[in-house]
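A.B. asks: 225 is the number that our numbering gives to position 58 of the sequence shown; each next residue is one higher, with no gaps.
In short, the hints are calculated from the structure, not lab data. Everything numeric in this text was worked out from a predicted model, so none of it was measured. One or more of the hints may lead you astray.
What the hints assert, rightly or not - Calculated cross-link-like contacts (lysine-lysine; reagent style DSSO-like; alpha-carbon spacing at most 30 Å):
no.: 1; residue 1: K376; residue 2: K329
no.: 2; residue 1: K353; residue 2: K329
no.: 3; residue 1: K288; residue 2: K353
no.: 4; residue 1: K368; residue 2: K329
no.: 5; residue 1: K263; residue 2: K376
no.: 6; residue 1: K329; residue 2: K263
no.: 7; residue 1: K353; residue 2: K257
no.: 8; residue 1: K257; residue 2: K329
no.: 9; residue 1: K361; residue 2: K376
What the hints assert, rightly or not - Have a look at the derived ranges for each label pair, beta carbon to beta carbon:
no.: 10; residue 1: H284; residue 2: K329; range: 29 to 35 Å
no.: 11; residue 1: E364; residue 2: R254; range: 29 to 35 Å
no.: 12; residue 1: K376; residue 2: V308; range: 33 to 39 Å
Ideal Cβ placement from N, Cα and C applies to all residues, glycine included.
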Amino acid sequence: MGMRNTVATLSNLIDSSSYTQSGAREGEGSANSTNMERIGVVDSPNADHNMLERAGRQQRRAQRGSMDEEEQSETTSGEDWDFLGRRGEKGEQLFKECLLNTGLTGQSIQGIIDGWHGSWKRHACSLTIFAEYWAQQSGTVLQLSTLEQPYLTIANYITYLKPRESDACIIQARNSISTLFELMGKPMNSIRNKVIEQLMKEHVDRAAK
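Take these sequences, add in the hints, and give me the full structure.
C.D. replies: This is the structure in structure tokens:
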């Protein structure tokens with residue numbers, strides 16, 4: 168009886184020890200797993216940085232998309248791609264010099280530019296094309312200011328562009344130079360008339376299809 172009790176007691180101790188060790192191992196494994204998860208979150212500063220960076224990229228894309236939609240809604244031709252890659256510095260310089268000659272201040276001119284929002288880029292690029300054309304004709308800013316019949320200059324300019332530019336570009340070119348003359352105080356009937364309408368007809372018709 169004493170031997171059996173001793174064996175039973177040893178067996179119980181072994182089982183209890185095994186259970187305790189097993190439980191400890193399971194608890195240790197669970198704790199290690201939890202600790203590893205914590206380490207993965209707390210000790211990994213790149214995690215939050217990467218999430219913020221991705222969120223920033225998405226926000227910038229959304230803002231660019233919003234700006235693109237705004238510009239597209241303001242365009243008259245619906246096609247801005249003709250002006251991609253063209254620089255607008257010469258056009259902006261011509262625009263400012265012409266309006267300065269009318270007596271407007273630089274601050275007033277900048278206010279006009281700001282009022283165009285996204286569409287100013289198209290005007291500046293289009294006026295750059297005109298500035299280069301006008302330089303080829305040996306024209307000056309002063310001559311533009313003193314024109315009595317600016318529609319003649321517009322008509323010759325459109326004719327020059329016909330074999331060189333797309334319909335969308337020609338439409339934008341007509342709009343930009345006409346707007347410049349209007350801001351310079353030229354009478355409307357000396358800017359837009361039947362001559363310009365007839366020269367533009369084929370381009371407007373094709374762009375509308």
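A.B. asks: Does each hint fit the structure? Answer for all of them.
C.D. replies: These are the hints, each one checked on the structure:
1. K376 - K329: With Cα atoms ~18 Å apart, K376 and K329 stay inside 30 Å; holds.
2. K353 - K329: holds (25 Å)
3. K288 - K353: holds (23 Å)
4. K368 - K329: The given pair, whose Cα atoms are some 12 Å apart, holds under the 30 Å limit.
5. K263 - K376: Roughly 35 Å separates the two Cα atoms, so the pair is violated.
6. K329 - K263: Roughly 27 Å separates the two Cα atoms, so the pair holds.
7. K353 - K257: holds (22 Å)
8. K257 - K329: Roughly 21 Å between the alpha carbons, so the hint for K257 and K329 holds.
9. K361 - K376: Holds, at about 22 Å.
10. H284 - K329: 29 to 35 Å: holds (30 Å)
11. E364 - R254: 29 to 35 Å: Given about 31 Å between the Cβ atoms, the range holds.
12. K376 - V308: 33 to 39 Å: Given about 38 Å between the Cβ atoms, the range holds.
Hint 5 alone, counting from the list given before, is not met by this structure.
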